[in-house]
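Visitor: Sequence:
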Amino acid sequence: MNMDLSPKFPATFTETEAGVYYHWAAADSQVLGEAKVAAGKLVLKPRGFALPHYADCSKVGYVLEGKCGVALRIPGVNTKENMGFIGVKKGDVLPIPCGSVSSWYNYGDSDVVVIFMADATKAYVAGEITYFLLTGQLGHLRAFSPEFIAKTYQINADKAKNLVGSQKGVLLIKLSEEEARKIPNPNEEVSNILIHNMDASQPDVEVDNGGKLTTIKGTEFPLLEQVGIDVSRLVLESCATRAPSYATEPQVCYIAKGSGEVQIVGINGKLVLNTKVETGQLFVVPKLFAVVVSADEQGIELVSIVTSTR
Numbered sequence: 001m002n003m004d005l006s007p008k009f010p011a012t013f014t015e016t017e018a019g020v021y022y023h024w025a026a027a028d029s030q031v032l033g034e035a036k037v038a039a040g041k042l043v044l045k046p047r048g049f050a051l052p053h054y055a056d057c058s059k060v061g062y063v064l065e066g067k068c069g070v071a072l073r074i075p076g077v078n079t080k081e082n083m084g085f086i087g088v089k090k091g092d093v094l095p096i097p098c099g100s101v102s103s104w105y106n107y108g109d110s111d112v113v114v115i116f117m118a119d120a121t122k123a124y125v126a127g128e129i130t131y132f133l134l135t136g137q138l139g140h141l142r143a144f145s146p147e148f149i150a151k152t153y154q155i156n157a158d159k160a161k162n163l164v165g166s167q168k169g170v171l172l173i174k175l176s177e178e179e180a181r182k183i184p185n186p187n188e189e190v191s192n193i194l195i196h197n198m199d200a201s202q203p204d205v206e207v208d209n210g211g212k213l214t215t216i217k218g219t220e221f222p223l224l225e226q227v228g229i230d231v232s233r234l235v236l237e238s239c240a241t242r243a244p245s246y247a248t249e250p251q252v253c254y255i256a257k258g259s260g261e262v263q264i265v266g267i268n269g270k271l272v273l274n275t276k277v278e279t280g281q282l283f284v285v286p287k288l289f290a291v292v293v294s295a296d297e298q299g300i301e302l303v304s305i306v307t308s309t310r
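The UniProt record's numbering puts the first residue of the sequence shown at 1, with every later residue one more than the last.
Hints in this document: simulated from the structure, not taken from any laboratory.
Hints may be right or wrong, so weigh each one.
Claimed, not checked - Only pairs whose alpha carbons sit at most 27 Å apart, straight line, appear in this in silico BS3-like list of lysine-lysine:
hint	residue 1	residue 2
1	K161	K174
2	K174	K122
3	K287	K270
4	K67	K161
5	K90	K67
6	K89	K8
7	K151	K161
8	K174	K67
9	K217	K90
10	K182	K8
As the list claims (entries may be wrong) - Per label pair, the in silico range of CB-to-CB distance:
hint	residue 1	residue 2	range
11	E220	P184	41 to 49 Å
12	L288	S238	24 to 32 Å
13	T12	S145	41 to 49 Å
14	T14	V292	30 to 38 Å
15	F132	C239	31 to 39 Å
In this text, a Cβ means the ideal position worked out from N, Cα and C, and glycines have one as well.
Starting from the given sequences, assemble the full structure and let the hints guide the process.
Guide: Set out below in C-alpha cells:
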C-alpha cells in the first residue's frame, strides 16, 4: 500500500451568516476513498439552522463545543425511539443511520461545533458524505413541477409555487427571533434514548498523569449498533504516549484539542507516517496498521471511529 496518510484540514463546503460546513474531500485525501470512510464538520452560530436533510452514509456526530437541538427521524417504525427533537451538548455522541432525516438548530449563546465521521461503504462518492436536502435552493421539492406538488399536497398552483420557492437558503440559514420562538424545547426522554455522553462513560483505560481511553460500543448503545460504528476518545496528558495499537477495520481520527506526534507502521514493518498533528486535523489509520500517538506539552484529545462487525 502506497498512499498519502498525512493529516488534513477540511475544506469549506458552504458558509453563510448562520455558520459553516466543512468537509474532507476524497480528492485531497485518497485514503478516505480507499478505506471507505468520510468526515465533515458543522459550525452553527447562535440561531443558525441546518435545513432538513439526509445522507447516503451511516455516521456519528460528536459535539465538540456548545449545545443545540436536533430534529431526527430515523427510517423505520414511528416510535419515540426513532424520531424526536432532542438536545445535544459537548461530549455527546449521536448516531445517525443512513437515510435519517435531521435538522439542527443552535438555541445557545455560543457556536456549536460537531464533527461527523461516517462509514462510506455504500456512499455515492467514495470517501465522501453526499447530502440530500428536502427544502431550499437544492431541495427535492424545488425540482418537482408545481403541478405535481399541487396534486400531491392537494393545494392550488400558487400555494405550490410558494411552497417550493419560498426558502432561498441552501443548507444553513439564520432564523429570525420570531422564527426561533417557534422551535420547541428538546424532549429529554427521547434525548436519553438517542444520545450517549462520552463524559458520562467509564474509561476503559485510565492512568494517573498519563491519560484515559473511553470507547462506546453498540453492545451498550443500541443505536450505535444500528449504524455499525464504535466511537473512542483518547485524552493524553502533557508529554504522555499511548502504546502501539491497531484495529481490524480502518480508523478515522480527529484531533479535537491540543497537538502531538503520530507514527503509523504498515506492511512489512515499514514506517509510513511520522508527523506532527494539531487541533482540527483528521487522519486515517488503515486496517491492521499500528499507530502510536504522543502528546506535546499541552496534551492532546483525539476522537475516532472504527466500523464495527455486525
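Visitor: Of the hints stated earlier, which fail here?
Guide: Of the numbered hints given earlier, those the structure breaks are 2, 4, 10, 11, 13, 15, listed in rising order.
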